[in-house]
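Protein chains in written order, with our numbering: chain A, -17 to 231; chain B, 632 to 999; chain C, 15 to 317.
Some hints could be false.
Examples of chain B residues lying across from chain C (beta carbon under 8 Å, computed) [stated by the list, open to error]:
(1) 838
(2) 840
(3) 843
(4) 997
(5) 999
No more than 30 Å apart at the CA atoms, straight line, and that leaves these computed lysine-lysine pairs for DSSO-like [to be verified]:
(6) B/995 / C/85
(7) C/259 / C/246
(8) B/633 / B/830
(9) A/197 / C/142
(10) A/-11 / C/255
(11) C/85 / B/907
(12) A/141 / C/255
(13) A/97 / A/15
The calculated label-pair distances, taken between Cβ atoms and stated as ranges, are [what the hints assert, rightly or not]:
(14) C/29 / B/646: 38 to 46 Å
(15) B/646 / A/118: 37 to 45 Å
(16) A/209 / C/122: 48 to 56 Å
(17) A/118 / C/315: 23 to 31 Å
(18) B/943 / C/29: 34 to 42 Å
(19) A/214 / B/648: 43 to 51 Å
(20) B/977 / A/86: 54 to 62 Å
(21) A/77 / C/73: 28 to 36 Å
(22) A/94 / C/232: 54 to 62 Å
(23) B/842 / C/125: 12 to 20 Å
(24) B/646 / A/203: 52 to 60 Å
(25) C/140 / A/77: 43 to 51 Å
(26) C/73 / A/214: 40 to 48 Å
(27) A/86 / C/73: 34 to 42 Å
In short, the hints are calculated from the structure, not lab data.
No residue lacks a Cβ here, since even glycine has one placed at the ideal position from N, Cα and C.
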Amino acid sequence: MMMQDDKVIVCEKLTKRFGDFIATNEISFEVHKGEIFGFLGANGAGKTTAMRMLCGLSSPSSGKATIAGYDVYTQTEQIKKNIGYMSQKFSLYENLTVRENIEFFGGIYGLSDQKIKSKTEELLQVLGLKSEANKLVASLPLGWKQKLSFSVAVLHEPKIVFLDEPTGGVDPVTRRQFWDLIYEASDRGITVFVTTHYMDEAEYCNRISIMVDGKMEVLDTPANLKNRFHVRSMDEVFYQLARGAKRGD
Amino acid sequence: MKQFLAFVTKEFYHVLRDQRTLLILFGMPVAQILIFGFALTNEVKDSEILVVDYAKDNASQELLTKIGSSRYFKIRQAALNHKEILSTFRQGKIKAVVVFPVNFNEDLLHHNKAQIQVIADATDVNTANMITNYLSSIIMDYQNQVNKTLKMPYRITPEVRMLYNPQLKGAHGFVPGVMALVLMLVSVMMTAISIVREKETGTMEILLVSPFKPVLVIFAKAFPYLALSLVNVVAILLLSVFVLDLPVKGSVPLLFAESTLFIITCLALGIFISIKTETQQIAMLISLMGMLLPTMMFSGFLFPIENMPVPLQIISNIVPSKWFYIIVKSIMIKGLGISMLWKETLILLGMTVFLLMVSLKSFKIRLQ
Amino acid sequence: MEAVVVKNLTKTYGKEQTVAVDDVSFSVNQGELFGLIGPDGAGKTSIFRMLTTLLLPDGGSASVDGHDIVKDFRAIRSSVGYMPGKFSLYQDLTIEENLHFFATVFGTTIEENYHLIKDIYVQIEPFKSRRAGKLSGGMKQKLALCCALIHQPTTLFLDEPTTGVDPVSRKEFWEMLKRLKEQNITILVSTPYMDEASLCDRIALIQGGKILSIDKPDNIVNGYPDTLLAVKADQMYRLLKVLEKHPDMLNSYAFGEYAHAVFANGQMQPEALESYLHAHGLSGVEVLAARATIEDSFIKLLH
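Can you build the whole structure from these sequences, using the hints too?
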C-alpha cells in the first residue's frame, strides 16, 4: 500500500536534553507520504518537544532527522516552507476577518496574489463560510475556527501538516467534519502528523505511536496494537502503557 | 482578622518570591537616589579648578583661601600662560578657571567695584552651571563678610558667561521628587498589577466564590504595598541623610504622616486602575503613562511649573504628586510645619477620599 | 432533597445580545453526581458562573442549597466549592501554602477537614513544599480539588476539570469524584468528553446554550430511537463516502475503528448492508448491530 521510498519524515535516535532531563529519548521512526500518523502520550511524555524538533523550531541534542528530505539541524528554513502547523492554542488572528486571515497566511507562505485570491474563494466555498467571509474570526464558533485554521495550515499545499490537539473541546459532529478535512488532505498526498487526547480519534490514524517518559514505547496500526495488548479499544492500550509513566509535565 | 492576615502573608510571599518585583521595589529607590544624587552633586565635590591670579594681593589671597576651603573645590595654581590653561582645559583635568585681574584689591578699595572672570567647562552643562553658581555664592559670601567690617560697601561682580539654570535653584529638590516617583510607582503600578494578576490567573474567581468579603480582598492586597512603600520612604530618607548629607529640617513624624497619606492616594489610584483593566500589561501601561509621566512632568520636580503655559499649570493641579512634592520639599528643606502645609494636605486628603469612594463604588463583587 | 434548582435561566453577552444560556431548567438532587456535557461554547461555564454567583442571570432564577443565586449570594459563597476551568491557584506558592491559604480564607483549617481531602492529598503530599507552578497537570488538578474541598462544601462545582488532561489522569480524576460522592457532597461537573457521561448519575446534554436532553446516561442511551450499525472495511475513507450515498441512511459518521450508520428503526439488517457494501466494491466488510453511546445520542440530537 505504502511505497517504501516516499518517506517524508525519517527520525533516527532523535534526542533532546534539557540539562540532566531527557525530554525526548532516542526516538526512531518513519512516516510516509499521505499517511495519517497519530502521536500520542500522556502530558509530559515529550510529545511537544519532539514536535518542536520536527518543525525545525528547536535543535536536537543528538540523533538524526529529515523532514521532507531536509535536515533538522541545518535546513530549518526549507523545512518551514514545506510544513504546515496548527495548534489548539494559536492558529488565527481573532481580530482579523476570515478573509484577511486567509490572505495574510497566504502572503506569509509566499503565494502569488492571484493564487491567494483563487484559494480564498475556494476555501470559503468548501468550508461554507461565504457569508461569514467579512466577519471577525473572534465571532465564529470554535468548531469553525478549527476547520478554518486547518485549511489555512494546508493553504500552501505543504508536504506535512502538524496538528497539535486540533479538536479539543469541539462538539462530536464538528469533530468528525474536521476529520473529513484531514482525510481529504491525506488523499491529496499531504502527510498528517496529529496529537490528540480523544482515543476514538486515534483509531482514525493509519499508524499510532505512544510516547511514555520520553521514549516511543509502541508504533503500529491501531488494529495490531489492540491485538498485541489483547484489548478491545485504543483507550485500554493507552491506559496500559501510560499507567506505568513516572513523570508528568 | 485571621483571614486578612493569611491574605497579607500570601501577598508577601508573592513579592518576596518574584525577583523582578523585588528589584523594582527596593532597587529602584536606591538607584534613583544614587543616580539623581550623584549625577547632580558628586561631580561638584572636589572639582579641580585652576586659578590665574594676576593680582596676587590680599583680597585675592583671602578669597582663594575661602574657595579652597570649601568642600566643592580643589585649587591648582597655574603659570600665567594662556596656552597652558587651554591645554589643561582640553585634557578635561579641570572644571573651571578663576581669573583675578591685576588690580583686584585696588579696584575694590578705590572703585568699590572689582571683577573676577570665571570660565567653566560647559561641555557638561549641569556641572558647569553648578560650579559657577557655587563660585558666585562663595564670592558673594566673601563680599558680605568684608562689607560688615567696612563702612563703605563695595561690590565684586563675578563675570559668568552662562545662562542661569533654574533647576539649580534647589539641587536637593530631587529627593522629594524621587520620593513622589517611587511611591507612585510602587503603590500605583504594583498594586494595580497584583490585583489584575489575580483576575488574569483566575484566582479572583475562587476568591469571589468564598466567604471572604470582596472589598477585603482589595484592602488585603493594598496593605502589603502600604507597608513596603513606608519601608521605601525610610530607605530614601536614610540614603538622603547619610549618603547625600541632606538632613530633614522639619518634623520626621509629620513627614511620615504625609507620606502615608500620599501612599493611600496612590493605592486608591492603583485599585481604581485594577478595577478598570483586565490584563497586567494594560494595567502597567496605564500606570506608567497615566501616572508616572504626569508625576515627572507636572510635579515641579524636573520642570518648573511656573515656567509652563497656563493650561498646563492648571492641569498640574490635579496631579497628586505635585502637592506631595510641595509638602515634602517644605518639610525636608524648609523645615515648615503643618500650620504652613494644611492647604496642600487638605487637597491631597480630598483627592484620596474621592479616589477611594470612586474605587469602592466601581468595585464589582461579580465577574461582570 | 434538591440541592440545585435552575429555572428558565438565561444569559446574554455584549451589545449584540449573544445568547450564551437559553432558558435552561434542571435540578440536581442532594448527593448526586450531575454532568453538564457539551462542547466548548455550549454555555457550561456561564451556567456554572451564574450558580456560583459570579454572574447575574438576565432571566430566570436558580438556587443552591435553597439560597437564591442573586439575593443570597453570600450564603452560597460560603457553602459551595468551585474549581474554574483554568488552573487557578497561586503558581508561586507551594502546595501546602496554597491549601493553607484557601483553608484560612474559608475560615477553617486543614486539620479540621483533613478527612475530606486525605485520599487525594496523600498522593501529592510528598511534594508539599514544591511550588504549584512546577507541578504536573495531574498533580495541579489534585491540588485544585483539595483547595475546593477544604471547607467541606455542600455542593461542588467543577468546570471542565479534565479538559486537556491525558486519558490516564482523567480516569484517576473520575475515580476521586466517585469516592467524594460517598461523602454525600453534591457534585456538578462539566466536560466536553462524551465518554465521561456514563460516569455521572445524571447528565444534561447541552449545545448552543440549550439543553438537548436530561436523564440518566443509561436512559438516554436506551432511548436511542434508530437502528445503529457499526461498519468496518479495509478502506475506511471510501466506506464513509459509500455510506453517505445509501438512499435509506439517516446519518453516518466515523466512530473509532468503526463507522456508525444510522437507519430508521428496523429498516436495515446488518446482512443487507454488508452485501450493499460488497456490491460497491469494498473489501473486508464487517457489519454489526451496535448499542448507541452518549456520543451517538448527542449526534442524533444535533442532527
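Results for each hint:
This hint holds: residue 838 of chain B has a C-beta 7 Å from the nearest C-beta of chain C, less than the 8 Å allowed. Because the beta carbon of residue 840 of chain B sits about 4 Å from the nearest beta carbon in chain C, less than 8 Å, this interface hint is met. For residue 843 of chain B, the interface hint holds, the least distance from its beta-carbon to any beta-carbon of chain C being 5 Å, beneath 8 Å. For residue 997 of chain B, the shortest C-beta to C-beta distance to chain C is roughly 5 Å, which falls under 8 Å, so the interface hint holds.
Hint status for residue 999 of chain B relative to chain C: holds, with the closest Cβ pair at about 6 Å, below 8 Å. Proximity of residue 995 of chain B to residue 85 of chain C is assessed by CA-CA distance (about 15 Å); at most 30 Å being required, the pair is judged to hold. Between residue 259 of chain C and residue 246 of chain C, the direct Cα distance comes to roughly 16 Å. Compliance with the 30 Å bound is thereby established for this hinted pair. For the suggested pair residue 633 of chain B and residue 830 of chain B, the alpha carbons sit about 23 Å apart, so the restraint of at most 30 Å is met.
This hinted pair checks out: residue 197 of chain A and residue 142 of chain C have alpha carbons roughly 29 Å apart, not beyond 30 Å. A distance of roughly 28 Å separates the Cα atoms of residue -11 of chain A and residue 255 of chain C; the hinted pair therefore holds under the 30 Å criterion. Only pairs whose Cα atoms come within 30 Å are accepted, and residue 85 of chain C paired with residue 907 of chain B is accepted, the gap being roughly 25 Å. Of the pairs offered as hints, the one joining residue 141 of chain A and residue 255 of chain C holds, with about 25 Å between alpha carbons and a cut-off of 30 Å not exceeded.
Taking the CA atoms of residue 97 of chain A and residue 15 of chain A, the gap is about 24 Å. The hint holds against a cut of 30 Å. One distance hint, 38 to 46 Å for the beta-carbon pair residue 29 of chain C and residue 646 of chain B, holds here, with the actual separation near 40 Å. Our hint of 37 to 45 Å for residue 646 of chain B and residue 118 of chain A holds, since their Cβ atoms are close to 39 Å apart. As the Cβ distance of residue 209 of chain A to residue 122 of chain C is approximately 53 Å, the hint placing it in 48 to 56 Å holds.
At roughly 29 Å, the beta carbons of residue 118 of chain A and residue 315 of chain C sit within the given window of 23 to 31 Å. Taking 34 to 42 Å as the suggested C-beta distance range, the pair residue 943 of chain B and residue 29 of chain C conforms, at roughly 38 Å. For residue 214 of chain A and residue 648 of chain B, the hinted distance range of 43 to 51 Å is satisfied, since their beta carbons lie about 49 Å from each other. Between residue 977 of chain B and residue 86 of chain A, the C-beta spacing of about 57 Å keeps the proposed range 54 to 62 Å intact.
At roughly 31 Å, the beta carbons of residue 77 of chain A and residue 73 of chain C sit within the given window of 28 to 36 Å. Checked against the hint of 54 to 62 Å, the pair residue 94 of chain A and residue 232 of chain C passes, with Cβ atoms roughly 58 Å apart. A hinted range of 12 to 20 Å for the beta carbons of residue 842 of chain B and residue 125 of chain C is consistent with their spacing of about 19 Å. Take residue 646 of chain B and residue 203 of chain A: their Cβ atoms lie about 55 Å apart, and the range 52 to 60 Å holds.
Distance hint check: the CB atoms of residue 140 of chain C and residue 77 of chain A are about 46 Å apart, consistent with the given range 43 to 51 Å. Distance hint for residue 73 of chain C and residue 214 of chain A: a CB-CB separation of about 47 Å, consistent with the stated range 40 to 48 Å. Hint check: residue 86 of chain A to residue 73 of chain C, Cβ distance near 40 Å, so the stated range 34 to 42 Å holds.
When held up to the earlier numbered hints, the structure conflicts with none and fits them all.
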